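Peer 1: Knowing the structure of chain A, use the given hints to seat chains B, C and D on it.
Chains as they are written, first to last, in this note's numbering: chain A, 1 to 368; chain B, 1 to 368; chain C, 1 to 368; chain D, 1 to 368.
Think of the hints as simulated: they come from the structure by calculation, not from any bench. Computed from a predicted model, the values in this text were never measured in an experiment. Incorrect hints may have been included.
Any copy will do: because identical chains look the same in the list, a pair fits if it lies in one copy or spans two.
Stated by the list, open to error - Listed below are the simulated DSS-like cross-link pairs for lysine-lysine, each with C-alpha atoms no more than 25 angstroms apart in a straight line:
hint, residue 1, residue 2
1, K144, K39
2, K200, K164
3, K367, K320
4, K312, K368
5, K367, K101
6, K318, K152
7, K367, K39
8, K318, K271
9, K196, K329
10, K368, K318
These are the residues of each chain, in order.
4 protein chains.
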Amino acid sequence: MGGNSIGKEFVVTFFGESHGRCVGAVVDGCPSGLSLGEKDIQVELDRRRPGTSKVSSPRVELDEVEIISGTFEGFTTGAPICLVVWNRGAESTAYDIIRNKPRPGHADYPAHVKYGGFNDFRGGGRFSGRTTASYVMAGAVAEKLLSIIGVKVVAHTIEIAGIKARMIRDAERIKKQAEENLVRCADQSAAERMEKAIMKAKEEGDSVGGVVECLVEGLSAGIGEPILDSLDADFAKILFDIPAVKGVEVGLGFDAARLRGSQNNDQYAMKARRVITTSNNSGGIIGGLSNGMPLILRAAFKPSPSIALKQKTVDLQKMKETEISISGKHDPCIVPRAVPVVESAVAITLVDHLLRAGFLPKVLGVKK
Amino acid sequence: MGGNSIGKEFVVTFFGESHGRCVGAVVDGCPSGLSLGEKDIQVELDRRRPGTSKVSSPRVELDEVEIISGTFEGFTTGAPICLVVWNRGAESTAYDIIRNKPRPGHADYPAHVKYGGFNDFRGGGRFSGRTTASYVMAGAVAEKLLSIIGVKVVAHTIEIAGIKARMIRDAERIKKQAEENLVRCADQSAAERMEKAIMKAKEEGDSVGGVVECLVEGLSAGIGEPILDSLDADFAKILFDIPAVKGVEVGLGFDAARLRGSQNNDQYAMKARRVITTSNNSGGIIGGLSNGMPLILRAAFKPSPSIALKQKTVDLQKMKETEISISGKHDPCIVPRAVPVVESAVAITLVDHLLRAGFLPKVLGVKK
Amino acid sequence: MGGNSIGKEFVVTFFGESHGRCVGAVVDGCPSGLSLGEKDIQVELDRRRPGTSKVSSPRVELDEVEIISGTFEGFTTGAPICLVVWNRGAESTAYDIIRNKPRPGHADYPAHVKYGGFNDFRGGGRFSGRTTASYVMAGAVAEKLLSIIGVKVVAHTIEIAGIKARMIRDAERIKKQAEENLVRCADQSAAERMEKAIMKAKEEGDSVGGVVECLVEGLSAGIGEPILDSLDADFAKILFDIPAVKGVEVGLGFDAARLRGSQNNDQYAMKARRVITTSNNSGGIIGGLSNGMPLILRAAFKPSPSIALKQKTVDLQKMKETEISISGKHDPCIVPRAVPVVESAVAITLVDHLLRAGFLPKVLGVKK
Amino acid sequence: MGGNSIGKEFVVTFFGESHGRCVGAVVDGCPSGLSLGEKDIQVELDRRRPGTSKVSSPRVELDEVEIISGTFEGFTTGAPICLVVWNRGAESTAYDIIRNKPRPGHADYPAHVKYGGFNDFRGGGRFSGRTTASYVMAGAVAEKLLSIIGVKVVAHTIEIAGIKARMIRDAERIKKQAEENLVRCADQSAAERMEKAIMKAKEEGDSVGGVVECLVEGLSAGIGEPILDSLDADFAKILFDIPAVKGVEVGLGFDAARLRGSQNNDQYAMKARRVITTSNNSGGIIGGLSNGMPLILRAAFKPSPSIALKQKTVDLQKMKETEISISGKHDPCIVPRAVPVVESAVAITLVDHLLRAGFLPKVLGVKK
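Okay, chain A solo, but in the shape it has when bound:
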C-alpha cells in the first residue's frame, strides 16, 4: 500500500482526483533559499493544460496553482511545499455511465477490483491523466533547482501516429523550435504532418499515440547509484508512472540490442581537458551512473483510450457483456501535453539523485 510518494531525499507525494476537489503535490526535501512563487509553477502548468489548441481537448481547465506551505517571503524555507490546483467546473454527471462499465484502455476495471468499488471513478479519479498536473507542479520546483547548477531538461515530441521527426539533439534549439507548433515537435515539417494525423483521428472519433524524447544537458559524471537505484532505472520508474507510457528507452534503447559491441560502445577521448565519449549511444548513462554526456531518454505513449467509437465492455454489476461509447471532450492525442510532464518527471528524479550525490547544496545561500 502507500505508493503515492517517490524519491529518497527529494520526496514528492501526489494526491488528488480528476473530479474531486483538487490535484496536488507535496515536495519534501527542497533546499531552503530557492526563490519560488506561484508564477514559477504556473508557467509550466500552462504548458500542460488543455483547451489551448485544436489538437488537445477543448475542455477548459484553468489550473491555477496555489502554494499552501513551505515558502516565506518569496523563498523556500526547507519545509515541505504543498502545491494545489483546485478543480473547477468539472461535470461529473456524464461519468455515471462508467460506474459499472469499465472503459477499455482505462484503469476503471482493475481499480474497481482493487478498491472493492470504492474508487472515485469519475473521469478515472485517481488514475486520470489530470493527475499529471502533480508532476508538473513538483517538476517546476525541481527545474528551478536544476537551473541553479546549469542543468537543462528539454523534452519534445519525436513521433506521433507513426510520423517520425528528424533527429535533433540540441537542447537550446529544441526548446525554441518545439514551442512553435501545436504538437511540440522541433521538426516543423514533421509537426505539420503530425497535426494533420491528429485531426484526422479526431474526426474519425479515434486517437493516436506517440513518442517523447527528453534531453538533459549540463550534468556531471558520477551521478546515480549502482545496481538497485540506477539513474536510468529511476528515470524508467517515474516515466512509467505517467499514465499511458508503455515503453522507455535510454540512448539507443532497443536498437542497441541490434548492434555489435564494437558499434555500440562509446569510446573515450579528451576534449578541452575533459573526458568525453566520441559517440553517445549509451544516452549518457553507463552502469546506472551519468558519464558526463547529455542524457537521452524516450517514452512511448499509447493512443488516448478515450474514444468516441463504440467499444465492447462488461457490466460489472450484472456481470454481462455490453457496449460503451465515450462522449465528452477528450484529447485525440495526449503527446503534446505529455511533453512538460516528461520534463517534470525527469527533473524530479534528477534533483533527487543530485541531492543524494551531494551535487546540490541543502541550503542555497544565507538570508540577509
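Peer 2: Same frame as chain A, but now just chains B, C and D:
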C-alpha cells in the same frame, strides 16, 4: 546514497563484487513457513552461471549458494535470509590494466569519478554482471513464494543480433522449449540462427545483444499501486537496474504508440464468469494495476561491452588518450544468461506487490 | 533531507506552518471503504485546539478540517487523503521581534542555522506546536480504522508540575473520567491540584510540564517487527517527534531498570483458553512485538518554552547577547492539549504495523 | 513486513540468529575512501562480547568479524559493506526445552504467534541479545566516519540495580574511567557497589538492570529534520530497537516535566564568538535539531530475563500452564555489555543525519 535495496514489504538488499570475497543478497520480508533449502536456489543459479555452453564465457564459476541466515529446520523463519555465493579462483591480476583506463561501455569511468578512485575496479567490481547472481538468489525465493499461489514467471530470448523469434505466448511451452537450446529461445529455428550469429561475433572478437521477454501467468486483477508505485513502473525500475538493459516495454510497448486508440484498446468480455479482455495489447497492466490477463514485459540488452577488439580510451591518471583491448574470457552474448535474471527481477517485484496488496499471507501455515 | 513522512504501509506526510496558509497531512495507504467525513476528524481536532479552557492559551483557533482528496460518496477510496486546516486570524507582526532573537527552548536557533535564515520563524513556523494538528487529523483516520477491529487507544494526563495521578489502567474508565476536567486527568482529585498549579504558573508568567500515559486495549499478540522496526521503537519515534517530548517509557520504563529479573519478568498463565501474563511490567511489548496484553506507553512533556519572564538570548545578526520576553497568548501547560496528539501518534503507528502484519484488510467490504 | 533495515542515506540492514550460522550487517551508503579493516571493527566487538568478566556471561563467544564486501585495498569503495561474525560452538540442544515453553520476559511467545511457530527459538533466535553484535559492527564503521569530522560518541553505565553514579559529563574523562572497571561506569566508587550488586543477584539465580548514558561532543547546530525525522526521535527509535530497552530520555528527560519553563529553558549566550546555551537541559536537541551543545541520551535496560529461578509459563502445544527454569550461562546484568551497543546505535543514526544534512562528504578524498 544507499541504493542497494529495493522493495517495500519484500525488501531485497544486494552486496558483493566481481572479484571480492562474494556476491550476496539479504531477503527481508519473506513470509515464515516457506520450505527453503540451498538446492532451491542452486537450481536457478546454475541457469545463470557461465562456463556451461559455447555461447557464453568459458570462465568456470561454480557459484554455490550458502544460506547463512533466516531458515531453520528447512523452513523460512520470517527473519532476513542472507544468501551468499563465495567467489573462487577469480584472477584479478589481469585487471590492473584497467585501473586507470576505463573500458568503453563499462561503468569504469563514471564509477571512478563517483567514488574518487576508491571503487573496486577488478572485473567492474560492484558494477559487474556477476552481481546479477544476487538477483537470481533473491529471485529464487520469490519464485518459490509465487508457486504457492499458482503464479508462473517465464522469460525467454526473443531476439539476438537482430534475429527475431516467432511470437510464442504460452508459459508452459516456453518453459519447455527455451531450455532445449543454448540461447534460451523457444523458437528452435531462430535459436539456431542466433547461435551462429553469436559464434560469428565471438570469432571476430566482438559481441551481440538481444531482447528477453517475460510472461507472467496466474495473476489476479488489481495488483499494483496508482501513479507513483505502478506495477509496470516497478518492473521497469528493477529491469533497468540489471546491467546492460537499455529499454523496457510492457505489452505492445513502442508499437502501441503507432496504433489508433480503437486498435490498441483491449475491449472487455466475459469468459467462464470472469472478466477478460479480447486482446492483450496492454500486456496485462492498465493504470499501473494488473487486469487479470497475462503480463508481457520486454527488456533490451545491449551487446556485451567486453570485446577483444582494440578501442579508444583515456588514461585517467595522465589525462591522455590511449587504447585498450580487453582480454579474458568474456561472453560474446549475455542474453541467454540474462533470461533467469529477468525472471528473478520480475518475481522479486511481483512478490513485493502481492504482499502490499494482501495477496500473499505473512505466515504460510502453522508448524506442527 | 525529506523527513516529513512516517510509516511504511500507512504513510503519513505532514506539511504546514504556524502562521502560513495552513497545516495539513496526507494519509497514504488507508484501506478503501472506510466511512469518513469531516466530522470524524473535527471531533478530534476540537479536543486539541486552544481557547477552550483557562489552562490553555486564550488564542482562538477555529481549526476546521477540510478533506481535499481521497474520499468519494462518504467513503475512503484507497487514494491518498489530504486533510487541511486553514490558518485564520494569526497575527504575525508580533513575531518580527524573534526574527534574529531565538527564543530559549524553541527551535528558532537551530532552525535558523539549518536553513540559512530562510525558515518561517513566525510562531516557530514548521516547528510550532500548531503542527500537531497534523497528527490529530491523520490520527483520527487511524483511530477510525482501529475501531473496526476493536482496538482502543486512550491517553490521559498522569502528571503535571510534579503532581502525580493515581494509577488507573482501564481504558473505558479513563476515557470517561479524563474528559471531565480541564487537564484530561482521570484522577479528579489530582486534576484539581494540577489545575491550580497551572494557574499559579500562569500568573507568574511561567509554565509547567507533565506526563501523558497511553493505553491500548484489544491488540492481538505478534504485532511488530524484530530488531529495527520494533513496535516500541516505532512508538518511541513518533512520540519523540511530537514537539516538547523529552522522554518515552514502555511498561515500567526506567523503573524496570531498578528491579530484579524475577520481579520484572511477566510470567505466563492461561485465562479463558488464552495465554496471558500475570503482570504487565513489559507494557504489552516484548522483543519489539505485542504480547496480547494492553500496551502502556508514557511520554514526558517539558514545560512550554513560551514564557512571559525575561530571558537571555543572542542577536543572530549582530552576534551579541541580548534579552527577550515573549508576549502573546501562550499555553501555561500544553499537556492537556497533548493528550489527543499522543493518542493520534500511537494510532498512526499502530495502523501501520497492523497493515504490515496483515491484521487490517486493504479493502473494507465491497461497495453495493 | 521487512523491518530489518534502518536509515535513509546510511542504511544498515541486520541479519542473523543466535544459534544459526552467523550474525551480520550490511552497511549501505558509507562514503568511499574510508580506511577500514577488520581490526577497526574487532576492537569494538571485543568490548561487547561476553566471557571477559565475572559480571557477564561465562560463555565464550570469540566473535571474529569478517568483511565480506565493500572494501578494496584497505578502503571503503562506496559499495555496501557486508560484515559477518560466524557463530561457533553454540550448543543448541539445551534450547529444545523452550520450543513450546516461552521464557518469561523473552520474545519467545509473541514470536511463536507471529511466525506460526517457524521462528528459530534457539537462544531467542533473531530476537537474541546476540544480534546486538550487528549494531556494534555497523557502529564501528559509523564511529570511524565520525572521528573524521571530530565527533565523539561516548557511553557509560550510570546506574545498575538502583545504584546511581555521580554525574560526569566529559567525554574524554568518561572514555578513560569507564573502561577501568567491569561495569563500564566512570564513577569508580559506584562501580564497585554495582559489581557487588550484580554478583549478589547472580548468586541468587537472579539478574539486575540499569541505565546507560551517551554523550556526543563536537556536533554542529542544525543537524536533524523537523517533525517526523527529528534527531531525538531517530535516536529513540534505534535505542528502543536494542533488546531490553524500556525507556529513553534526552537531556533532563522525565525530570524536565517537573520543572517550570523558566527553569528548564536553556538561555543563549555568546562564547568565543559562538552561540552557546548557559545550561544544557535540552540535551543538545531542540525541535528535533541539534543546537551545538553536547548531546545527552539515556536508555533504561530491564534486568536480563534469563534467570535460573523457577518461573510460571505455558506449554503452547498443550495450551496448559507449566513451569520453566532457565539453565545455561547467562548474564546476570547486560548493562556493561550494552555500553558499546548504545554507542553504536547513536553513531549509526548520527552518520545518517550528518549525511542527510550534507555535513559528511560522500567521497573522502581522492585515491592516488
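Peer 1: Does each hint hold? Answer for all of them.
Peer 2: For each hint, the structure was consulted:
1. For a Cα distance limit of 25 angstroms, the shortest separation of K144 from K39 inside one copy, 12 angstroms, qualifies, whereas the shortest one across copies, 39 angstroms, does not.
2. For a Cα distance limit of 25 angstroms, the shortest separation of K200 from K164 inside one copy, 17 angstroms, qualifies, whereas the shortest one across copies, 34 angstroms, does not.
3. Proximity of K367 to K320 under the C-alpha cut-off of 25 angstroms is restricted to the inter-copy arrangement: shortest distance 18 angstroms between copies versus 65 angstroms within a copy.
4. In this assembly of identical chains, the alpha carbons of K312 and K368 lie at most 25 angstroms apart only when taken from different copies (23 angstroms versus 64 angstroms within one copy).
5. Only between protomers do K367 and K101 lie at most 25 angstroms apart by alpha-carbon distance; the minimum there is 15 angstroms, versus 56 angstroms within a single protomer.
6. In the homo-oligomer, the alpha carbons of K318 and K152 never lie at most 25 angstroms apart, since the shortest distance is 53 angstroms inside one protomer and 31 angstroms across protomers.
7. In this assembly of identical chains, the alpha carbons of K367 and K39 lie at most 25 angstroms apart only when taken from the same copy (22 angstroms versus 42 angstroms across copies).
8. Taking identical chains as interchangeable, the C-alpha atoms of K318 and K271 lie at most 25 angstroms apart only when they sit on different chains, with a minimum of 14 angstroms there against 69 angstroms within one chain.
9. Within a single copy, K196 and K329 get their C-alpha atoms as close as 19 angstroms, which meets the 25 angstroms cut-off; across copies the closest is 54 angstroms, which misses it.
10. Proximity of K368 to K318 under the C-alpha cut-off of 25 angstroms is restricted to the inter-copy arrangement: shortest distance 12 angstroms between copies versus 67 angstroms within a copy.
In the structure shown, a violation is registered for the earlier hint numbered 6 alone.
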